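There are 2 protein chains.
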Amino acid sequence: MTIREYIAATAEQVDQALDSMLPPDTASPATIHQAMRYSIFAGGKRIRPVLCIAAAEACGGNAATAMPAACAVETLHTYTLIHDDLPCMDNDDLRRGKPTNHKVFGEGIAVLAGDALLTEAFAMLARLPENASYSVADYVRELAEATGSRQLIGGQVLDLEGEGRQLTIEELRAIHNGKTSALLTAAIRLGAMSAAAASEQLAALTAYGQNLGLAFQIIDDILDITSTPETLGKSIGKDEQAGKATYPALVGIDHARQEARDLTVAACKALDIFPEQQRTRLLALNDYLLNRNY
Amino acid sequence: MTIREYIAATAEQVDQALDSMLPPDTASPATIHQAMRYSIFAGGKRIRPVLCIAAAEACGGNAATAMPAACAVETLHTYTLIHDDLPCMDNDDLRRGKPTNHKVFGEGIAVLAGDALLTEAFAMLARLPENASYSVADYVRELAEATGSRQLIGGQVLDLEGEGRQLTIEELRAIHNGKTSALLTAAIRLGAMSAAAASEQLAALTAYGQNLGLAFQIIDDILDITSTPETLGKSIGKDEQAGKATYPALVGIDHARQEARDLTVAACKALDIFPEQQRTRLLALNDYLLNRNY
Numbered sequence: 001m002t003i004r005e006y007i008a009a010t011a012e013q014v015d016q017a018l019d020s021m022l023p024p025d026t027a028s029p030a031t032i033h034q035a036m037r038y039s040i041f042a043g044g045k046r047i048r049p050v051l052c053i054a055a056a057e058a059c060g061g062n063a064a065t066a067m068p069a070a071c072a073v074e075t076l077h078t079y080t081l082i083h084d085d086l087p088c089m090d091n092d093d094l095r096r097g098k099p100t101n102h103k104v105f106g107e108g109i110a111v112l113a114g115d116a117l118l119t120e121a122f123a124m125l126a127r128l129p130e131n132a133s134y135s136v137a138d139y140v141r142e143l144a145e146a147t148g149s150r151q152l153i154g155g156q157v158l159d160l161e162g163e164g165r166q167l168t169i170e171e172l173r174a175i176h177n178g179k180t181s182a183l184l185t186a187a188i189r190l191g192a193m194s195a196a197a198a199s200e201q202l203a204a205l206t207a208y209g210q211n212l213g214l215a216f217q218i219i220d221d222i223l224d225i226t227s228t229p230e231t232l233g234k235s236i237g238k239d240e241q242a243g244k245a246t247y248p249a250l251v252g253i254d255h256a257r258q259e260a261r262d263l264t265v266a267a268c269k270a271l272d273i274f275p276e277q278q279r280t281r282l283l284a285l286n287d288y289l290l291n292r293n294y
Numbered sequence: 001m002t003i004r005e006y007i008a009a010t011a012e013q014v015d016q017a018l019d020s021m022l023p024p025d026t027a028s029p030a031t032i033h034q035a036m037r038y039s040i041f042a043g044g045k046r047i048r049p050v051l052c053i054a055a056a057e058a059c060g061g062n063a064a065t066a067m068p069a070a071c072a073v074e075t076l077h078t079y080t081l082i083h084d085d086l087p088c089m090d091n092d093d094l095r096r097g098k099p100t101n102h103k104v105f106g107e108g109i110a111v112l113a114g115d116a117l118l119t120e121a122f123a124m125l126a127r128l129p130e131n132a133s134y135s136v137a138d139y140v141r142e143l144a145e146a147t148g149s150r151q152l153i154g155g156q157v158l159d160l161e162g163e164g165r166q167l168t169i170e171e172l173r174a175i176h177n178g179k180t181s182a183l184l185t186a187a188i189r190l191g192a193m194s195a196a197a198a199s200e201q202l203a204a205l206t207a208y209g210q211n212l213g214l215a216f217q218i219i220d221d222i223l224d225i226t227s228t229p230e231t232l233g234k235s236i237g238k239d240e241q242a243g244k245a246t247y248p249a250l251v252g253i254d255h256a257r258q259e260a261r262d263l264t265v266a267a268c269k270a271l272d273i274f275p276e277q278q279r280t281r282l283l284a285l286n287d288y289l290l291n292r293n294y
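If you're matching them up, the sequences are chains C and B in order. The UniProt record's numbering puts the first residue of the first sequence at 1, with every later residue one more than the last. The UniProt record's numbering puts the first residue of the second sequence at 1, with every later residue one more than the last.
Among the hints, erroneous ones may be present.
Claimed, not checked - With a Cα cut of at most 25 Å, we get these calculated SDA-like pairs of lysine to any residue:
(1) B/103 <-> B/127
(2) B/244 <-> C/92
(3) B/103 <-> C/31
(4) B/103 <-> C/97
(5) B/244 <-> C/164
(6) B/244 <-> C/13
(7) C/103 <-> B/161
(8) B/103 <-> C/98
(9) C/103 <-> B/98
(10) C/244 <-> B/98
(11) B/238 <-> C/165
(12) B/244 <-> C/89
(13) C/45 <-> C/92
(14) C/45 <-> C/130
(15) B/103 <-> C/165
(16) B/98 <-> B/23
(17) C/98 <-> B/88
(18) C/103 <-> B/238
(19) B/103 <-> C/45
(20) B/103 <-> C/164
(21) C/244 <-> B/238
I should point out that these hints are in silico values taken from the structure, not numbers from a laboratory. As the structure is a computational prediction, the values presented were derived from the model and not from experiment.
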């Protein structure tokens, strides 16, 4: 199975699980359930759940036991997109070519749909099996820390506060770590925890996730400047127009490319403690996510 | 100790616990932590945490073991107030005489402060002790169900959708049950669960909470019409001005008063399974909350 086939097959399983775990859109009140499902099934690539399941497999687990964690991280990710798109935040009308949640359902319902998805994400964690090393309390703490006011939400705060002003590279790194790496790393860690990962496995996967997450975001910054709308599949120069700092703007394009390459190598190297067979898929995912023309 | 003294002493303990469980307002980014603490310490009466702890005590538990649940329900309640006050929801500038969160910190930060408090509420549940009957998974499921899209958030959706249109009494009851009873009942149930309540105790306390919650909201509706600003301590006729349906408007003031009295009696009666000594405080709380001049 190629890595693309693996991603497609896993994303399909995740979609089915999300469909069965979320309330049906006929549940009362119908509006909120339609709004929740609209954004959940709006074409996300399911990168976080795929990483979650691949990490579980690398630690001897499987998709079935990791699935509630995979769905929880995707559900949580979707709430952040809905709230980030609001007029009082990034004020986006389109996401992946479709009208954003508040454009379809109104701002009030969009706020509530985000709230409801955040709530569902924690309910999903309660379905994860406990093992000798990790309990539901550990899963809840893991997700809450990664996505709370010090990490994911903190990153969005720094992003809001930084608009239109010159950031330092440390500030930009804190924004990227909060907005991208934190949840991506939590996805990987939750998958590993559901498979009763040994502590050195968990530490290695944490380093893998942090390096992968930051590299992914730096490459996004580079592509926002160097790419054409045709190859990127979305409008370019958006960060600059929004008055947002980017990696290449702060350190120069060559330095940004070098840092992305260094992080990519570091993400791979972190997996050295795993036997060849167990790390193959995570290496392929790293390559798939980071090997873009930047 | 009078019931007022009990409430004051318990609320003080809850305030101390909230202060120690929430990130300090010096944590980075400072803005979000200041915004979270601004609304948490804005003068709430701590009714839900007091009910939570009193329910734990009625089942043989104590304030110390129930405290993470008490703080979780108050933290969750605070997030709902911040989001309900937003311009895209009820658009309120003042709450308890103070500027609402978004008037002080801006809408973007207010949305994120609500999100962060919702996240913290689940993290707090992970601190609750497990017992022979209830686990952290049970606590998480309990809070997520009561406050998710079918109950608390669902009530807010019905409320938003009902503005300016004639509601049926069933619709208004669904709004009150979602917006008020659901979390109030969850507070009581979580307290009881932390004390390893027997299933008949939990059932009795559920009935107590549901009756108390609906009675409380009907009385609020009545006072909004019949009271003076001086006795109520806030502006009156607010619901009517906002085009919101109220109980007395739908069924008449006499019928509304009768239903409030019936629910009050039912709340007390539900406690009959508890020995005299164990139910005294919950009866006094019922009396304190519902014995207003309506």
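Results for each hint:
For a cut-off of 25 Å, the pair hint linking residue 103 of chain B to residue 127 of chain B is broken: about 33 Å separates their Cα positions. For the proposed pair residue 244 of chain B and residue 92 of chain C, the alpha carbon gap of about 31 Å is over 25 Å, so the pair is violated. Restraint check for residue 103 of chain B and residue 31 of chain C: the C-alpha separation of about 28 Å exceeds 25 Å, so the hint is violated. Pair hint residue 103 of chain B plus residue 97 of chain C does not hold up; C-alpha atoms about 33 Å apart against a cutoff of 25 Å.
For the suggested pair residue 244 of chain B and residue 164 of chain C, the alpha carbons sit about 41 Å apart, so the restraint of at most 25 Å is broken. For a cut-off of 25 Å, the pair hint linking residue 244 of chain B to residue 13 of chain C is broken: about 44 Å separates their Cα positions. Our distance criterion of 25 Å between C-alpha atoms is met by residue 103 of chain C and residue 161 of chain B, whose separation comes to about 16 Å. Between residue 103 of chain B and residue 98 of chain C, the direct Cα distance comes to roughly 32 Å. Violation of the 25 Å bound is thereby established for this hinted pair.
Note on residue 103 of chain C and residue 98 of chain B: the hinted pairing is violated, with a Cα-Cα distance of about 32 Å set against a maximum of 25 Å. With a CA separation close to 34 Å, the supplied pair residue 244 of chain C and residue 98 of chain B exceeds the 25 Å bound. Restraint check: the Cα-Cα separation between residue 238 of chain B and residue 165 of chain C comes to about 42 Å, which exceeds 25 Å; the hinted pair is violated. Between the alpha carbons of residue 244 of chain B and residue 89 of chain C the distance comes to roughly 29 Å, so the proposed pair goes past 25 Å and is violated.
Between residue 45 of chain C and residue 92 of chain C the alpha-carbon distance is near 19 Å, which keeps this suggested pair within the 25 Å criterion. In summary, the hint linking residue 45 of chain C to residue 130 of chain C is not supported, as the alpha carbons are separated by about 28 Å, beyond the 25 Å threshold. Between the alpha carbons of residue 103 of chain B and residue 165 of chain C the distance comes to roughly 23 Å, so the proposed pair stays at or under 25 Å and holds. Simply put, residue 98 of chain B and residue 23 of chain B have alpha-carbon atoms about 23 Å apart, close enough for the 25 Å limit, and the pair holds.
With a CA separation close to 22 Å, the supplied pair residue 98 of chain C and residue 88 of chain B stays within the 25 Å bound. Pair hint residue 103 of chain C plus residue 238 of chain B does not hold up; C-alpha atoms about 29 Å apart against a cutoff of 25 Å. Pair hint residue 103 of chain B plus residue 45 of chain C does not hold up; C-alpha atoms about 37 Å apart against a cutoff of 25 Å. Between residue 103 of chain B and residue 164 of chain C the CA atoms are separated by roughly 22 Å; this keeps the pair inside 25 Å, and the hint holds.
Taking the CA atoms of residue 244 of chain C and residue 238 of chain B, the gap is about 42 Å. The hint is violated against a cut of 25 Å.
The structure does not agree with the numbered hints 1, 2, 3, 4, 5, 6, 8, 9, 10, 11, 12, 14, 18, 19 and 21 stated previously, though it agrees with the rest.
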